[in-house]
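From first to last, the protein sequence lines are chains L and C.
Residues in the first sequence are numbered from 1 upward in steps of one, following my numbering.
Residues in the second sequence are numbered from 1 upward in steps of one, following my numbering.
No lab work stands behind these hints, which were simulated from the structure alone.
Do not rely on the hints blindly, as some may be mistaken.
[As the list claims (entries may be wrong)] Which residues of chain L face chain C? A few of them, derived with a C-beta cut under 7 angstroms, are:
| no. | residue |
| --- | --- |
| 1 | M10 |
| 2 | Y14 |
| 3 | I186 |
| 4 | T190 |
| 5 | H193 |
No residue lacks a Cβ here, since even glycine has one placed at the ideal position from N, Cα and C.
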Amino acid sequence: MSNQYSNEPMLEMYIFETSQLLEQLEQAIIASEKSSSYSQEAINEIFRFMHTIKGSSAMMLFNEISALAHAIEDLFYFLREQKPKTVDYEILSDLVLEGVDFIKVEIEKIKNGDEVNGEAALLIDKIKEFLSLLKTENACVAELKRPEPTKNQQYYIAVEKKSGQLSKSIYKATVFFKEGCEMENIRAYTIIHNLVEFTQELFYIPENISENDESIIWIRENGFQILFKTDKSYEEMHEFFMKTIFLKELILEQLENDDEFEKFRVPKKIIIENSEVKMPKVSAQLSKDNVVKETTTTSNQSMISVNVEKLDKLMDLVGEMVIAEAMVTQNPEIEHLELENFQKAARQLHKITGELQDMVMAIRMVPLSTTFLKMHRIMRDMCKKLGKEVQLEVIGEETEVDKNIIEHISDPLMHLIRNSIDHGIEENEERLEKGKEKAGTVTLEAKNAGSDVLVIIKDDGKGLNKEKILQKAKENGLLEKNENEMTDKEIYALILLPGFSTKESITEFSGRGVGMDVVAKNLAVVGGTVSVESIADRGTTITLKIPLTLAIIDGMNIKVGHSRYTIPIITIKESFRPKEGECFKDPDGNEMIMVRGNCYPILRLHEHYRVHTDIQRFEEGILIMVEQDEKALCLFADELLGQQQVVVKALPNYIKNTKKIRGVAGCTLLGDGSISLILDVGGFSNSYAM
Amino acid sequence: MPKILIVDDTAFMRLSIKTMLENNGFEIVGEADNGKTAIKKYLETQPDVVTMDITMPEMSGIEALSAIRQYDPKAKVVIVSAMGQEDLVKKAIISGAISFIVKPFKEEDIVKTIKQIAEM
Numbered sequence: 001m002s003n004q005y006s007n008e009p010m011l012e013m014y015i016f017e018t019s020q021l022l023e024q025l026e027q028a029i030i031a032s033e034k035s036s037s038y039s040q041e042a043i044n045e046i047f048r049f050m051h052t053i054k055g056s057s058a059m060m061l062f063n064e065i066s067a068l069a070h071a072i073e074d075l076f077y078f079l080r081e082q083k084p085k086t087v088d089y090e091i092l093s094d095l096v097l098e099g100v101d102f103i104k105v106e107i108e109k110i111k112n113g114d115e116v117n118g119e120a121a122l123l124i125d126k127i128k129e130f131l132s133l134l135k136t137e138n139a140c141v142a143e144l145k146r147p148e149p150t151k152n153q154q155y156y157i158a159v160e161k162k163s164g165q166l167s168k169s170i171y172k173a174t175v176f177f178k179e180g181c182e183m184e185n186i187r188a189y190t191i192i193h194n195l196v197e198f199t200q201e202l203f204y205i206p207e208n209i210s211e212n213d214e215s216i217i218w219i220r221e222n223g224f225q226i227l228f229k230t231d232k233s234y235e236e237m238h239e240f241f242m243k244t245i246f247l248k249e250l251i252l253e254q255l256e257n258d259d260e261f262e263k264f265r266v267p268k269k270i271i272i273e274n275s276e277v278k279m280p281k282v283s284a285q286l287s288k289d290n291v292v293k294e295t296t297t298t299s300n301q302s303m304i305s306v307n308v309e310k311l312d313k314l315m316d317l318v319g320e321m322v323i324a325e326a327m328v329t330q331n332p333e334i335e336h337l338e339l340e341n342f343q344k345a346a347r348q349l350h351k352i353t354g355e356l357q358d359m360v361m362a363i364r365m366v367p368l369s370t371t372f373l374k375m376h377r378i379m380r381d382m383c384k385k386l387g388k389e390v391q392l393e394v395i396g397e398e399t400e401v402d403k404n405i406i407e408h409i410s411d412p413l414m415h416l417i418r419n420s421i422d423h424g425i426e427e428n429e430e431r432l433e434k435g436k437e438k439a440g441t442v443t444l445e446a447k448n449a450g451s452d453v454l455v456i457i458k459d460d461g462k463g464l465n466k467e468k469i470l471q472k473a474k475e476n477g478l479l480e481k482n483e484n485e486m487t488d489k490e491i492y493a494l495i496l497l498p499g500f501s502t503k504e505s506i507t508e509f510s511g512r513g514v515g516m517d518v519v520a521k522n523l524a525v526v527g528g529t530v531s532v533e534s535i536a537d538r539g540t541t542i543t544l545k546i547p548l549t550l551a552i553i554d555g556m557n558i559k560v561g562h563s564r565y566t567i568p569i570i571t572i573k574e575s576f577r578p579k580e581g582e583c584f585k586d587p588d589g590n591e592m593i594m595v596r597g598n599c600y601p602i603l604r605l606h607e608h609y610r611v612h613t614d615i616q617r618f619e620e621g622i623l624i625m626v627e628q629d630e631k632a633l634c635l636f637a638d639e640l641l642g643q644q645q646v647v648v649k650a651l652p653n654y655i656k657n658t659k660k661i662r663g664v665a666g667c668t669l670l671g672d673g674s675i676s677l678i679l680d681v682g683g684f685s686n687s688y689a690m
Numbered sequence: 001m002p003k004i005l006i007v008d009d010t011a012f013m014r015l016s017i018k019t020m021l022e023n024n025g026f027e028i029v030g031e032a033d034n035g036k037t038a039i040k041k042y043l044e045t046q047p048d049v050v051t052m053d054i055t056m057p058e059m060s061g062i063e064a065l066s067a068i069r070q071y072d073p074k075a076k077v078v079i080v081s082a083m084g085q086e087d088l089v090k091k092a093i094i095s096g097a098i099s100f101i102v103k104p105f106k107e108e109d110i111v112k113t114i115k116q117i118a119e120m
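Same shape as in the complex, but just chain L (with noise of 0.2 angstroms):
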């Protein structure tokens, strides 16, 4: 979001606010869509929420999300109060969703701090013409005026009270309303039903005050005239008046006679209406109910919303908390020192800040299925738009992912998606003619995997075709083995290089040959991998692997000369010190060592980080053997220091923006408060593992 607008809270909740309500209106409409069928539940839910999103839009002064609001509001009133059978369910959806997209995109706009100039008069003209044509179809009986008006009322006459009619005084009022305070007839009604409690013989114009449009014009132009008469003392009518909200003007009069009263009083037409007065039946009801009394608490539970800036700072205080936390139990000061109690109380330290760290870590997770829930929309623009049929299937869409990388995730999986329906998933008759079922099924699932979170994205369509991706590689001159030593695996991940693709045409979704790498890419930021597998004719999978947690990790310790490094412990296979001969040189003259049958690479890192140290013996140094992503290599270095669990900050930007330091994954403050370069193992794996 545009730091311009943080000083903002209520720009800001109304970002929120209206995201939130586009998101739940997109699943209620979905879903209707699906059961072909809108129920009264969600008509009311979605006439809700369209009544809420023109109120704060208005009031933030968006007046086209607000027009566009109260035309699809007027429409679900429409479909609320007349239930109309015949309605073209599949028009009504699409409409509503133009309309949710408008007002996404206005909304990108605004929290970008653009200009918020969309226009959405085209829309509002089809919505408006959609309810016409609902309405002639139904044959409503008779123009649904909003809100119904109540019975027209002619005169109003007071019922005679008891006490002497002479000392009466007589009084013409009018009141003038100040301009935009809305809904003036009510204002008069409201003056009118204060009025009838110590006034006989009220009249005033116009008399139809509840109905709409025309007596609001009128009470405009020509303020709102009270004649009547009472016990009060002028002073007390003019204090009456004087009271009355969004008053502009009034002329209070005191009359001699009651001529003007004539007009008004015509025999046949009288009316003695009692029930406008009385308090409604609400209230007697209530009191049985007895609200006033201790009500339940909602059994929801209860959720607060926060702002992701304060939790990222309190991942950053925690992070900066472990370290000194360190300092002070690894201070080599007291390296030395047999402390018992002082051990005690730092073991029961680390143990604390260790529950705090997993509940801050906690509090960031957010589980995927928010993410999940928007592929159904573009499932079903995209089977709409190419004309196949598929499902979509989600498996495990409550597990949790830190908040960070949901963001990171939506776009590559929305391409995923897209890539499965276009490319991988057939035309319906061609699947007919493979045997296989006429729709498509997608399935979307995550699970957790160690400290990894897999997101696999699966199709049951033609799958990946070979010969095609190498031809094509071969074409942009992307092939750097030879295509003879390639496993299936390493020629599906050609497709991950940029400038790939296979499609002879591009579409509206893909084929422009920029997509899966910058799926790669995404996934590499927040530290994720991609791998794909396909069978012809069976299917595409694709695997999303991302850690759990970026920041905190376990980390061992390790000394090259006066230099020191940390080496994630999950890349850790095992570590030991080589005997004499065991290491030796491969035709290239690379150095390497068997394990239990196996081959590995070494890498000596004081001559990669040309670091000097004494040790420089396989025999008299320690071989770490790594593996990340399938590949294994074994580290020389001069010794283990010991294992600790580490914040990993990231290089500052005058390093990375100068060089790209391969290796490295960030770095980090040890005990003593020396600097420690993390080890990136897959970023040594690619050069030189097997």
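Based on the hints, put chain C in the right spot on chain L.
Just chain C now, kept in the frame of chain L:
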């Protein structure tokens, strides 16, 4: 400082009204997002004026209004309504609402209205 209770089912409206009123010398003593909570909060906080949204799920503004008026006949409740809800607003007036304001409104409108009502 007059004490105000804000009742509306959307957080956005509650925040808007709260911001506008707090900037103009009012004290917000409570917020509620439905009719039932509104009644509870009224009893707890004993505000001088209540702003009440008229369309809320669970228990409507009008029902809450009636309940509050029953408990405290002197309660001053201002209805916040959208355009086109004349019928509901009229019902609210009959049920004892002291006045109403229509969305979208400007800051000065609501401030003047609440001020006037608080002083009554």
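Here's how the hints hold up against the structure:
no.	hint	result
1	M10	holds (6 angstroms)
2	Y14	holds (5 angstroms)
3	I186	holds (5 angstroms)
4	T190	holds (5 angstroms)
5	H193	holds (6 angstroms)
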